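*Asks:* First to last, the protein sequences are chains A and B.
Take this note's numbering: the final residue in the first sequence is number 259, and no numbers are missing along the way.
Take this note's numbering: the final residue in the second sequence is number 418, and no numbers are missing along the way.
These are computed hints drawn from the structure, not numbers from a lab.
Remember, it's a predicted structure, so these values are computed and weren't measured experimentally.
Please note that the accuracy of each hint is not assured.
[Unchecked claim] Just the calculated beta-carbon pair ranges, DEER-fashion:
id, chain 1, residue 1, chain 2, residue 2, range
1, A, E145, B, D31, 23 to 31 Å
2, B, W198, A, A72, 15 to 23 Å
3, B, S220, A, Q164, 20 to 28 Å
4, A, Q164, B, L208, 54 to 62 Å
5, A, G75, B, L49, 45 to 53 Å
6, B, Y114, A, N209, 37 to 45 Å
7, A, E242, B, L70, 52 to 60 Å
8, B, R291, A, D41, 30 to 38 Å
9, A, E176, B, L112, 34 to 42 Å
10, B, Q233, A, E242, 36 to 44 Å
[Unchecked claim] Every beta carbon over 12 Å from chain A, so not counted as near; a handful from chain B, in silico:
id, residue
11, A51
12, G59
13, S94
14, I127
15, R160
16, L358
17, A406
[Stated by the list, open to error] Away from chain A, derived, C-beta distances all over 10 Å, residues of chain B:
id, residue
18, T77
19, L90
20, T115
21, V148
22, Q332
Virtual Cβ for every residue (Gly too), placed ideally from N, Cα, C.
Here's the letter readout for the chains.
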Amino acid sequence: MQRRSLLALPLAALTAWHPHAWAGPDPQAVLAASDAIRNPDFSFGLVNTLVEYRQGRQTDSSQLAVYSRPDAVGGQFRSLVRYLAPARDVGKLILYNGKDLWFYDPASQGSIRLSPQQRLLGQASNGDVVTTNFARDYRATSAVEETTPDGDRKPRQCLKLELQAQGPDANYPRVEMWVDAINHRPVKARFYADTGALLKTAYYRRYENAFGTERPTETVIIDGLDPSWVTVMRYSQWERREVPQAWLQRDYLPRFRPE
Amino acid sequence: MMRWLAIALPMLCGLPALADDAESDALRLADDTPASATEARPWQAHAELAAGAAWPQTGGAAQHDTRISLDWRLEPTASGPWQLRAAGRLDVRSRPAPMQEHTVHTLKDAVLGYTASPQLLVEAGRIRLSQGVALGYNPTDFFRDGSVRSEVSMDPVSLRENRQGSAMVRVQQLGAGGAWQFAYSPRLAQRKPAASGWHPDWGATNHLHRALLAYSPRWSESISAQGLLHLRQGHSAQWGLNLSGLVGQATVAHLEWAAGQARTQWHEALDLPGPQRWRHRLAAGATHTTRHKLTLTAELHYNGAAPGRSTWQALRGEPLPAYLQYRAWSLQALEPPTRWALFFHATWKDALMPGLDLSSLWHLDRVDASRRFWLEARYRGKAFDVALQWQRNHGTPLSQFGLWPAARRWELSVRRYF
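Just chain A, same shape as in the assembly (with noise of 0.2 Å):
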């Protein structure tokens, strides 16, 4: 019994320094918290403003009115989009509710179905634009401590999270992403195609208190293959409001109006 006790001591200590009990925090929980950094969990709009540059010169710019609601059973976004610029584009609608995707004109009144792959705002894609939570649509499978510059450029000690993709819904197949080793604030990820080629890095940057915690009012996406295509994403106007289930469908969009 003693001597068991005796060996004991030094396996605990030896548990201590293997890397999993070590490394500590659970990937899922890491990429939970900070999910809960980039979105509220409650319903809300924002105005996201999209300025595309290629070599050092802007090339496209617009504005979206982005009303977001989680959903009651996946507690995945479903969200509404309104342009509110270019003068070309102003009144369109895009509705992101899951899978369901679908693009109003008012200019023809019309709806037409999107697919998850169609862009309609140049370099971001749909969750790019959108609310998401990338706990639901991956799992995150490790957790690893790293120094890695953030996006004001300086060195950020991060644990770096290693995405797979959990069903259908996941846009990418494969997901680097560095969060902040102590506050879980995410700081950059990179998004892989299936085969393997880097696809965008996004930087989150510019934190700013909204609904009284320090969120990211500013995503910075890099293209993979050109890194001088570049994608500023800024979110202002934050506003904590009712999005009603009834806006997120495709009979309501003729009938929404700004308020």
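Got chain A sorted already, so can you dock chain B onto it with the hints?
*Replies:* Just chain B, lined up with the frame of chain A:
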């Protein structure tokens, strides 16, 4: 301790602050991006100047034409249960089509709406009530006949935009399980050509009493459906179905069907007595989008009320005025004059360079083998578009596309958004 070591070691080893200079440059660009604000306003408008040249099917020199258009939309911000919206378009042409005025104003919408509750909306006025999931032919778009007053492009998107609505009262009920819609459109005028280009043209859209009932259930995210019932004075009930479904991440399949007891289109157009039979209309196809923003649509069109190969051959031997009356009816009703057609459409956004969109259309009549082709290159500037269009109609005389006046046509247009 481990954490401090992890931070300090890379610094001591001289790891560069950024792994990639290109990313550093990108972040500097973002640093310098100025804040921008957009002022909401209750109206939108654009003006367009177009110049074209058309070569007649009969041969001869090119005919040149110009067009000036003003497209407007009024939509004041809603502050209570009442909403108002209106839209219209003015086209002034140097060389109008036969039976067309130089100046044509199309009143698309003029609608007063009342939101009785978040789920219930009542609207009255001139309303464009468009239905259908297909791109090139919409059998369930029951209010389409007489709606196109001034065609400016064969692009289906343009044909959907530049339409006049029908005078109607519409009630829409939205629920968790789906959406109901009921519309009643009264007879207001006799069907006859509008007195002038500024005339509201009620005779084109409201020459019959009609009603529409539509229901869209919420089944699943992958499949959406809509069922329709259309009642028209002096005609049998028409039933309609719209289905669209997601196939993978990049493809949407769609099916649009309408059917009901009816005479053939030939009898309808010439107002001849004829057998009432159950006739089907169908548009089925799919749209696929590649990772490079190329969107391809292919559709099969079937019109069971239109003539098949042998009947079409016989009808083309009928007296020319009767044949032309049939073609004019089919154009005005937006119905294919023959039974089978294939339709292909492609749009490549940001093709070759940012802001350049290429679109093309290929429409093949499977009954008489006539075909048309359309190609557009459109450059999107900050507040303007420049577009170059080319179209080609090919077929034997009196075939679907061989009858069209122009064998080929170029058009250059500049659009300014306000």
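*Asks:* Looking back at the hints listed earlier, which ones does the structure fail to meet?
*Replies:* 2, 7, 9, 14, 15, 18 and 20
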